[in-house]
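Make a model of the complete structure from these sequences and hints.
For the protein sequence lines, the chains are P and D, in the order given. Residue 6 in my numbering sits at position 3 of the first sequence, with consecutive numbering throughout. Residue 1207 in my numbering sits at position 300 of the second sequence, with consecutive numbering throughout.
Some hints here could point you the wrong way.
Claimed, not checked - Computed cross-link-like contacts, DSS-like style, restricted to lysine-lysine with a CA-CA straight-line distance of at most 25 Å: (1) P:5 - D:1110; (2) P:32 - D:1145; (3) D:1072 - D:1209; (4) P:37 - D:1067; (5) D:1145 - P:35.
For the record, the hints were derived by calculation from the structure and aren't laboratory data.
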Amino acid sequence: MKFETIITLVIVVGLVWGGFGFFLLKAFKFEKMKRENGKTEN
Amino acid sequence: MKQREYFSSRWGLVIATLGIAVGTGNIWRFSRIVAQNGGGSFLIPWVIFLFFWSIPLIIAEFAIGKSTRYGPVGAIAKTAGPKFAWMGAFIALVSTAIMFYYSVVTGWCIRYLVSAVSGDLFSTQNHLQYWNDFSSTLLPVFYHFLAMLIGGIIIFRGVKNGIEKVNRILVPAMIIILLVLLVRALLLPDAIEGIKYFFTPQKKYLLDINVWLQALTQNAWDTGAGWGLIMTYAIYMKKKEDVSVNAALIGFGNNSISLIAGMIIFSTVFALSSVDAMNQITQSGPANTGLTFIYLPLLFSKLSANESVNIFFASIFFLALSFAAISSLISLIELTTRTFIDFGFNRKKAVLIVTVSGFLLGVPSALNMDFFTNQDWVWGLGLLLSGAFISFSIIRYGVDKFRTEIVNGPGSDIKIGKWYNVIIAYLVPLQVTVLIVWWLIESANWDPEWWNPFHTANVGTSVLQWSIALAVFIFFNKSLVKYTLRE
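Take a look at the structure:
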């Protein structure tokens, strides 16, 4: 596999799947925080 | 109107919205366009425009729907001002017109699923003939009816029990099926050649402006951004729900699925093609169906010597395609239904009107491929105007006010910076202008009589159909406002 193929694969897949994974983790984190805050308020 | 229905949770909303974004375009259009535009060279601008088109417009739609609690007509009237309700009506019309023929596409997917499961799909080697035999009968009308019926029943059941419940099954199931197909495709001999082509950039394509414009178009047509659909689902977001993280999840999630689909198609085509793989993958075929309904069935028949294995993989592929189509179709039906609800109809009556008229007005596309192509061209391009109208509404409202008070308002998990103002106020209008002009010039290249409104796909037919719609909506603007914003 050519060098530029590997670089493109890493950048494209890394950005797209990495971006999805990053924001999924963020969403989980914020949901957990909101739930905990909700419990405290109750 | 008092808001009564909500998605049960963030995950219900995200999965349903992902169902809008992921459609047949991710599976069949994406691979064809990648192949026609230099493989890896296309992927680079495609990722860039995710940040400059898709995610900013998804943020905009979530924020407008959540803050106004109206479908496109009321939402635009409230955001841009009552004088501009006609823009909302145009957005609603474009998505409604797409619903008419998208239901036909959904019907094709269901038909091929039935053919694959029954094994009938492998009764022939001439798949072009098989497609022609199917499309020249009344069967497309029956499957279009079935698609509208399924969609209508789901929307009739409401947001939580219909849209959310169904998407909670369809979207994860579709992703699991695509992952199974990906593993199978990557294990085929020579699959690596497809992956190499998919990810290898070629300088001549990378420097070609047309490749960049195709990448922008793919983002505009494939993510559901700027269609008014996400705006409609956002009506049912709870007040405490976030906008920006959810929007990023939809944009990245949609493109992640496109990448999986692309890897499946390229690996399979390069591994199993006995003739020139690139030639086959770039063939549009009738109504751009070539790759999906004509070439892939042929490849599935070569997958293994055991026909049961071929039937299994073809069936799950068309099942995933049907799930993708249905999850998008229901969002189109919901947008039209919500527009009627805003006009004072109850959900039952609105769904009945939309389902029956959706079926009747889709029949010409089911029967005539030229009519189908015309509608796909006119309203597909019209989506770019819809994106421009959304951007215009925010500019009228005040971009900074919109960002600070609505996007970064109650419930927001992260705060969006001033970069958002630049994208919405300058980059989105610029992209829309360039794209519309480019597509119209392109159409003039393939049709010397570009002005003739009775041709299938050219400047004349688009401008005529848009003009009629816009003239009617501008004329009835006051009534649109009066009957929608009744409080």
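Taking the hints in turn, this is what the structure says about them:
{"no.": "1", "hint": "P:5 - D:1110", "in the structure": "holds, 14 Å"}
{"no.": "2", "hint": "P:32 - D:1145", "in the structure": "holds, 18 Å"}
{"no.": "3", "hint": "D:1072 - D:1209", "in the structure": "violated, 37 Å"}
{"no.": "4", "hint": "P:37 - D:1067", "in the structure": "holds, 21 Å"}
{"no.": "5", "hint": "D:1145 - P:35", "in the structure": "holds, 17 Å"}
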